[in-house]
Amino acid sequence: MSKILQVEDLVTKFYTLDGVVNAVNGVSFELNEGETLAIVGESGSGKSVTMMSLLGLIPMPPGKIESGTAIFNSKSGQCDLLTLDPEQLREVRGGQIGFVFQDPISTLNPILTIGEQIAETLIRHKGISHEEAREQTIKLLAQVGIPDPELRYKAYPFQFSGGMRQRVVIAIAIACMPKIIIADEPTTALDVTVQAQIIELFKELRDALGVAVIWITHDLGVVAGLAERVLVMYGGRPVEIAPVGDLYKDPKHPYTLGLLGALPRLDAKESKRLESIQGTPPDLLIPLKHCPFAWRCDYAFDRCWKEIPPLIKVDKQHQVACFYDLEGGGPRNE
Amino acid sequence: MSEVQKLLEVKGLKKHFVIPGSLFSRSKRVVKAVDGISFDIQEGETLGMVGESGCGKSTAGRAILQLHKPTDGQVLYRGKDLTQMGPEELRSLRPDMQMIFQDPYATLNPRHSVRKIVGEPLVINGRMKKGSAELKDKVAELLVLVGLDPAYMKRFPHEFSGGQRQRIGIARALSLDPKFIVCDEPISALDVSIQAQVVNLMQDLQEQLDVAYLFIAHDLSMVKHISHRIVVMYLGKIMEMTDRNALFENPLHPYTQSLNSAVPIPNPEIEISRQRFILEGDPPSPANPPSGCVFHTRCPLAIDECITVEPETREINPGHFTACHLADNKGGSKIISPEKSREVS
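If you read the sequences in order, they're chains A and B. Its first residue numbered 357, the first sequence is counted upward by one per residue in my numbering. Its first residue numbered 139, the second sequence is counted upward by one per residue in my numbering.
No wet-lab data here; the hints were simulated from the structure. Any given hint could turn out to be false.
To be verified - Listed next, with one range per pair, are the computed distances between beta-carbon atoms:
# : chain 1 : residue 1 : chain 2 : residue 2 : range
1 : A       : Ile664    : B       : Gly269    : 47 to 57 Å
2 : A       : Ile484    : B       : Leu439    : 57 to 67 Å
3 : B       : Ala289    : A       : Arg629    : 23 to 33 Å
4 : A       : Arg629    : B       : Lys274    : 54 to 64 Å
5 : B       : Leu439    : A       : Thr372    : 28 to 38 Å
6 : B       : Asp178    : A       : Lys662    : 25 to 35 Å
7 : A       : Lys625    : B       : Lys268    : 48 to 58 Å
What the hints assert, rightly or not - DSS-like mimics (lysine-lysine), calculated; alpha carbons at most 27 Å apart, straight line:
#  : chain 1 : residue 1 : chain 2 : residue 2
8  : B       : Lys276    : B       : Lys292
9  : A       : Lys605    : A       : Lys625
10 : B       : Lys472    : A       : Lys625
11 : B       : Lys268    : B       : Lys254
12 : B       : Lys292    : A       : Lys625
13 : B       : Lys207    : B       : Lys166
As the list claims (entries may be wrong) - Listed below are several chain B residues computed to face chain A (Cβ distance under 8 Å; list not exhaustive):
#  : residue
14 : Gln204
15 : Ala289
16 : Met360
17 : Pro406
18 : Gln413
19 : Ile416
Only a predicted model underlies this, so the values are computations on that prediction, with no experimental measurement involved. Built from N, CA and C at the ideal position, the CB exists for glycine as well.
Given the sequences, and given the hints that come with them, work out the whole structure.
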């Protein structure tokens with residue numbers, strides 16, 4: 357498998373009136389071709405800001421990408437997403453990288469028809485004629501499971517339900533056969549039966565098109581059936597990266613362990629008391645000199661209050677940023 | 139079950155909203171948000187209420203507390219019908235029935251200190267004097283009860299996180315020693331790790347204070363976790379009602395089965411091998427509900443009878459009610475037959 361995206365040490369800050377918000381503090385990860393990577397975290401963990409930084413969607417000011425590289429192996433060679441000029445970025449966005457956001461109603465333009473919005477992407481990126489674009493759009497609408505695509509071409513977003521709108525956004529995302537789709541909480545605003553439909557559609561399209569997916573979510577349930585690898589974020593840093601099976605069976609970071617314990621299980625016979633994580637997420641206005649999770653961690657010891665734990669390899673594909681060895685029951689030997 | 143006293147009995151509760159005709163059309167439309175639901179709640183019990191958006195679960199909660207005037211039906215609190223009461227009589231019962239709302243940001247007055255927010259119900263109901271030491275002590279006691287530092291009393295809502303604000307809302311609801319609390323999506327706005335804190339708190343409080351909850355939510359796994367019995371709603375009607383384990387081990391209504399099937403389980407091994415049934419389409423508009431069984435437009439098992447005749451709620455097994463023509467204890471209403479699912483697993 358070849359790497360399609362390699363992000364190194366991304367740091368994004370926001371300079372606000374209240375102070376400097378340290379939203380993303382050194383995120384590194386890689387994405388292989390055709391792979392689904394889930395980025396999991398609570399609000400304020402920096403998962404969305406990471407993706408917005410890659411897509412050049414951070415409003416500057418107040419935002420600023422302080423450091424980092426994001427090497428994208430595109431169809432036309434390598435480039436660093438963080439150094440592209442706006443014109444080049446526009447080529448990549450919607451062309452080679454498609455994206456789906458949480459709220460489809462604010463993603464779609466309310467005064468353009470569904471069809472026009474999909475065709476627009478095709479015309480812009482592929483340079484094809486309006487007639488060709490229309491034909492392809494109708495095919496795309498059918499592909500994402502919208503009934504009567506020819507009729508629906510002329511419909512406006514308000515005439516669609518939430519699930520149907522999200523299908524339209526997905527059609528726009530896949531229109532130009534991207535190499536990567538970035539999906540930021542794409543099912544959070546939907547009802548559970550509709551969420552299941554959209555996840556199923558995503559899986560189908562991913563397998564049919566061989567596209568790599570970065571799926572950002574707070575829901576560890578959705579991730580279990582969808583992703584191949586999972587990156588857990590906390591306080592703007594990655595705390596654990598692992599193949600999906602390993603992460604659920606053998607979490608190495610106390611935060612991941614806590615998150616899994618905090619979830620009620622539909623398949624549980626007895627209702628056990630949930631294991632809650634004490635306290636609240638860190639204030640990002642304060643630059644940290646120690647582990648961001650130390651306040652809430654049951655296992656924190658003196659070293660956790662002095663240094664920021666780096667991501668270390670504990671297994672071939674399993675990385676964790678923690679000084680404590682959960683298995684061994686003591687500080688990790690290095 | 140008869141030994142436990144029924145705290146609340148809801149009989150044929152309806153709440154219809156009339157949408158006035160526009161300038162150009164005289165015809166009025168009626169949205170049947172809640173359309174004839176019946177259930178009861180015992181003392182100290184948690185009844186979960188689940189359903190997708192627009193199924194009328196929040197309206198039902200509000201209609202029970204008479205925050206919406208019900209269109210029809212009865213709500214009996216300890217045998218007394220709330221719908222027939224005048225405002226004075228109702229007010230005298232209000233302390234017993236409280237509510238916790240979804241959005242802790244919107245339900246706390248930003249200009250009031252925590253002390254005022256939590257203590258106000260006690261002052262209004264004449265139990266304690268404004269500014270008295272007794273009131274201050276009671277507020278401190280309530281804050282400790284919900285896991286907040288009494289020193290926070292002088293602070294204002296904006297100084298708290300979402301989870302802490304929800305705790306303030308709970309302290310306020312508990313200030314009058316209620317017997318029954320309607321919890322309308324109390325944890326939906328909170329992060330996963332904070333949700334667990336609030337749910338644990340609610341369960342602890344129930345044990346200590348013997349308060350009954352109507353727990354309204356769309357998160358099936360959380361409802362299963364906290365409830366003793368569960369009501370499943372769809373388009374203003376009750377589809378199924380039973381205790382928590384029966385609902386997940388032996389769901390009778392096709393809608394309940396598809397809801398169960400749609401909820402992801404945080405375990406990759408189960409998720410990958412799981413046999414799924416995914417419902418097609420979206421829920422119809424409650425302003426124009428389908429004829430017969432409201433679920434027939436999405437039901438994979440629907441027969442002609444379902445389109446024309448509305449199914450009655452029947453007790454299939456003791457304490458297990460469902461409104462489906464096909465339901466029986468031989469698996470007549472199962473989308474995925476038990477034999478098949480065994481083969482797969």
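Hints versus structure:
The hint said 47 to 57 Å for the Cβ distance between Ile664 (chain A) and Gly269 (chain B), and at roughly 49 Å that hint holds. A C-beta distance of roughly 45 Å is found between Ile484 (chain A) and Leu439 (chain B), which places it outside the suggested range of 57 to 67 Å. For the pair Ala289 (chain B) and Arg629 (chain A), the supplied restraint of 23 to 33 Å holds, since their beta-carbon distance comes to about 28 Å. Between Arg629 (chain A) and Lys274 (chain B), the C-beta spacing of about 32 Å breaks the proposed range 54 to 64 Å.
The hint said 28 to 38 Å for the Cβ distance between Leu439 (chain B) and Thr372 (chain A), and at roughly 56 Å that hint is violated. For the pair Asp178 (chain B) and Lys662 (chain A), the supplied restraint of 25 to 35 Å is violated, since their beta-carbon distance comes to about 58 Å. The hinted range of 48 to 58 Å is satisfied by Lys625 (chain A) and Lys268 (chain B), whose Cβ atoms lie roughly 50 Å apart. Restraint check for Lys276 (chain B) and Lys292 (chain B): the C-alpha separation of about 14 Å stays at or below 27 Å, so the hint holds.
Distance check on the hinted pair: Lys605 (chain A) and Lys625 (chain A) sit about 19 Å apart at the alpha-carbon level, within 27 Å; holds. The hinted pair formed by Lys472 (chain B) and Lys625 (chain A) meets the criterion: a straight-line CA distance of about 21 Å does not exceed 27 Å. A hinted pair counts as satisfied when its Cα atoms are at most 27 Å apart, and Lys268 (chain B) with Lys254 (chain B) qualifies at roughly 9 Å. Our distance criterion of 27 Å between C-alpha atoms is broken by Lys292 (chain B) and Lys625 (chain A), whose separation comes to about 44 Å.
For the hint pairing Lys207 (chain B) with Lys166 (chain B), the CA-to-CA distance comes to about 19 Å; that is within 27 Å, so the pair holds. The restraint placing Gln204 (chain B) at the interface with chain A is violated, with a minimum CB-CB distance near 28 Å, outside the 8 Å limit. Checking Ala289 (chain B) against chain A by beta carbon gives a least distance of about 17 Å; that is not within 8 Å, so the hint is violated. For Met360 (chain B), the interface hint holds, the least distance from its beta-carbon to any beta-carbon of chain A being 5 Å, beneath 8 Å.
About 5 Å separates the beta-carbon of Pro406 (chain B) from the nearest beta-carbon of chain A, less than 8 Å, and the hint is met. Taking 8 Å as the C-beta cut-off, the interface hint given for Gln413 (chain B) is violated, the closest approach to chain A being about 12 Å. Taking 8 Å as the C-beta contact cut-off toward chain A, the hint placing Ile416 (chain B) at the interface holds, the least distance being around 5 Å.
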